[in-house]
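In order, the protein sequence lines correspond to chains A and B.
Here the first sequence stands for residues 0 to 310, numbered as in numbering that gives the first Met the number 0.
Here the second sequence stands for residues 0 to 378, numbered as in numbering that gives the first Met the number 0.
Any given hint might turn out to be false.
Stated by the list, open to error - Here are the simulated DMTMM-like cross-link-like pairs (lysine to aspartate or glutamate), alpha carbons at most 20 Å apart as the crow flies:
id : chain 1 : residue 1 : chain 2 : residue 2
1  : A       : Lys-119   : B       : Asp-172
2  : B       : Lys-190   : B       : Asp-172
3  : B       : Lys-190   : B       : Glu-287
4  : A       : Lys-298   : B       : Asp-327
5  : B       : Lys-180   : B       : Asp-247
6  : A       : Lys-119   : B       : Asp-247
7  : A       : Lys-298   : B       : Glu-287
8  : A       : Lys-298   : A       : Glu-183
9  : A       : Lys-119   : B       : Asp-334
10 : A       : Lys-119   : A       : Asp-186
These are calculated hints, taken from the structure and not from any lab test.
As the structure is a computational prediction, the values presented were derived from the model and not from experiment.
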Amino acid sequence: MSAVLDVVLSSAFLAAVLRIATPYLLAAFGGLVAERAGISNIALEGQMLAAACMGALVAGYSGSVALGALCGVALAVLLGLLLAALRLELGADAIIAGIGLNLLASGGTAYAVYTLLDDKGGTSGLKSGSLPTVTLPGVESIPLVGDVLSGQNMITWLAFLAAPLVAWLFYRTRFGFHLRAVGETPDAAESVGIPVRRVQYTGLALSGALAGAAGVFLSMGYVSFFVRDMTAGRGFIALAAVFLGGLRPWGVFLAALGFGAAEALAVQLGTLDVPPQLVSTIPYAMTLVALALYAWRRKRRGLAGGVAASL
Amino acid sequence: MTTAPTTRVEREDRREYRATRRRDLAVDLSMTLATILAALAIGFLVMLLTGNDPVQAYEAMLTGPLDRSFRVGRWLEDATTLTLLGLSVAIPFRARQISLGAESQVYAGALAAATVAIFLPLPPVAAVVVPMVAAATAGAGMGFVPGAMKARLGANEIVATLMLNAIVVRVYDYLVNGPLKEPGSSAVHSKSIQQDSVLTPLTEWFGIPLGRANVGLFLMLLTAVALWLLITRTPLGYRIRMTGSNPDFAEYGGIRVPRAIEWSFVIGGAVAGLAGAHLVQGVYGRLEPGLAGSLAFEGIVVALLARNNPLVVVVAGLFYSYLRAGGDIMEQQTDVGTEIVVVIQAVIVLLVTAQALPDLLKRRIARRQRRQPIQGDAR
C-alpha cells in the first residue's frame, strides 16, 4: 500500500493527472454546454477525432502549429453546427445524428490519412510539432506545485481555466441565462422572446470548439502526431462525466478530473503486477455505480422525470 | 383474429387504412433506396475529389463479393453476425431506448459460449446448443443491467450501456490475455472449442468452398422471423411498440412501461449474445482479441437503415455486409481505402435520421390523395 501512496503523492504523478485529465475536462465542458442547451452532443468523440486529425495534417503540411490548431478547432465547430442543423432544421434525433457524425469522423479521418500519406495507422510520418508549453514565472520555485505545474501544455492551462469560465458564462451572463432557459423549456424561452434557435446554434458551436480543443491537445500536445481512432472513447467518458457531474460546471470539473486521476492511477498500478485491464475498468465501474446512485436519489426525491431520465 | 367488416363504413375505413399502410411502405422502401443511392453518390464525389477513380472503385466494391464462392462465404458469414447485432438493437430501439450496449453483450456472449464449448464435455447436439444458450443468457444478463437501471431508477441508458461496454471489453481483453489464453501458445487466443460445438460450415452442405459461412446463417434468419412475430403479433411486442411510440399513453392504457423497457433490453441482449456465439462457434472456433471489431456499432446503422423492422434488418444487414466485403476487395484492387465504406455508412445514418424529409413527403402524398388536411397532426 505504501508503494501506491508514494506513487500518488509524487509530483510526476500529479503532473500526469493534469495532462491526462485535459482532454476529459475540455470535452466534458463541451458536452455540458450542449446538454444545457437542450441538444445532447454524443458527437464529442467524432469532433475530437476530426480536430486531432485536421490539426496534425494542417500543421504538418503548412509548418504552422497555430494554423493547425485553429483549423482543427474550426472543423469541430463546423461539426457542432452540422449537428444543430440536423436536429433543428431536419428534425433528426440528436443521439442518432451524433452516432452518424462519429462514424463520419472515424471513417473520414482514416480515409484522409490513407489517401494523403498512404498510411493506415496515422500521421507519425509527418512532422507536425506540438503546441507550446507554459511556465509561469516564479511558480517553478515553489516545491511540489512548481514541478507539477511547470511545463504543462497551454491547452492544459486552458482546460483548467475553462471551469470558472463556463461557470461564469452559465450564471453571470445574459447568454448563459438564455442557454439554460432554452435547455430547460424551449417553449417558455421562446414565449419570452429568447431567440431559441440562435442560442442553440451558438451553444453547439461552443461545444464543438471545446471538443475541438480537446482533440487538438491529443495530436499536438499529448503526442505530436495523429493516430487512427486516437480518441479511444474519451468523448464517451467525457459524456459520462457530464451526467456524473450533475450537469453543473464544478460537478463536471470534479468528475472529469476524477476520470483523469483514475486513468493515471491505472497506468501507475500497471507497473505493480496488477492486470492493467482490470485496473482500468475501475473508473467505468465507479461511473456505473454513481449513475445508479444518482438516479436512485433523484427518484426518491420524486424528480425522476428530470434531465437524467428524459433521454 | 379480427371479425369480418360488416357495415359499408367499416369496409371503407379498412380499405383506406390498408391503402395508407401500403403508401407508407412504398414511401419507406423508396426512401431507403434513395438514401442508399444518395450515400453512394456522395461516396462517388468524395473519391473523385480526393483524386481516386470512383468508377473503378465501385466496380471492385459492387461486383467483387460475388466473383468467387469463398468471397460469397465471407460476405454471408459477416452478414450473419452483423444482422444479429442489428436485430439486437432494433428491439430496444422499438421501445425508444437508445441502447448502445451491443458491444458488452456480444463479448459476454462470446465468453460464455467459448467457456462452455471449451471446458464442458457435452454429447453431440447439446455441444452446439448449450454454448448458444449460455451465450444468449450472458447477453441477456448484460442487457438486463442497463435495462433495469433505466426502468427502475430512470438512469440514462446511453451512459450506462457505454460504461458497461468499456468494462466488459477490458475484462474480455484481460481474460483472453490471461486465464483463458492457450498455454504454451505465443499468439494471444484461447484454446479451440471442441469439435462437436462447431456450427457446421456451409461448405459441407453445398460442396463449394464458402469460407467460414456456416449454419448460423439460417439461425439468424429464424431469429429475425421470431423477433418479427414477437414485435408484431404478441402482447409483449405490442407493449414494447406502445412504450416506444408514446410512453404516457401506454402507461395510461395500463401497460407497465418499465417492464416493457426491461424486456426490450433483455431480448436485445440475448440476440447480441447469440452473435457472440456465432463468432466463437461458427467463425473463429476460439476467442481472439477484439473478436467483434466495430460490428457492434455497425449493427446500430443496420437497425436504423431498416427502421427497426426485424425483417428489413436482414435485408439491411446483407446489404451492409456486402458493402463491407466489397470495401476490402476494393482496397486490394485499387488505391482507395476501405474506410470510404465507413463514410458512406455515416452518410446513410445522417440521411436516415433526417426524419423531416420522409415525413414531409408522406404527408404531402396523403394530403394530395385525400384532398383534405389531416386533423390534429401528431407532431
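* **Hints the structure fails to honour** => 1, 4, 5, 6, 7, 10
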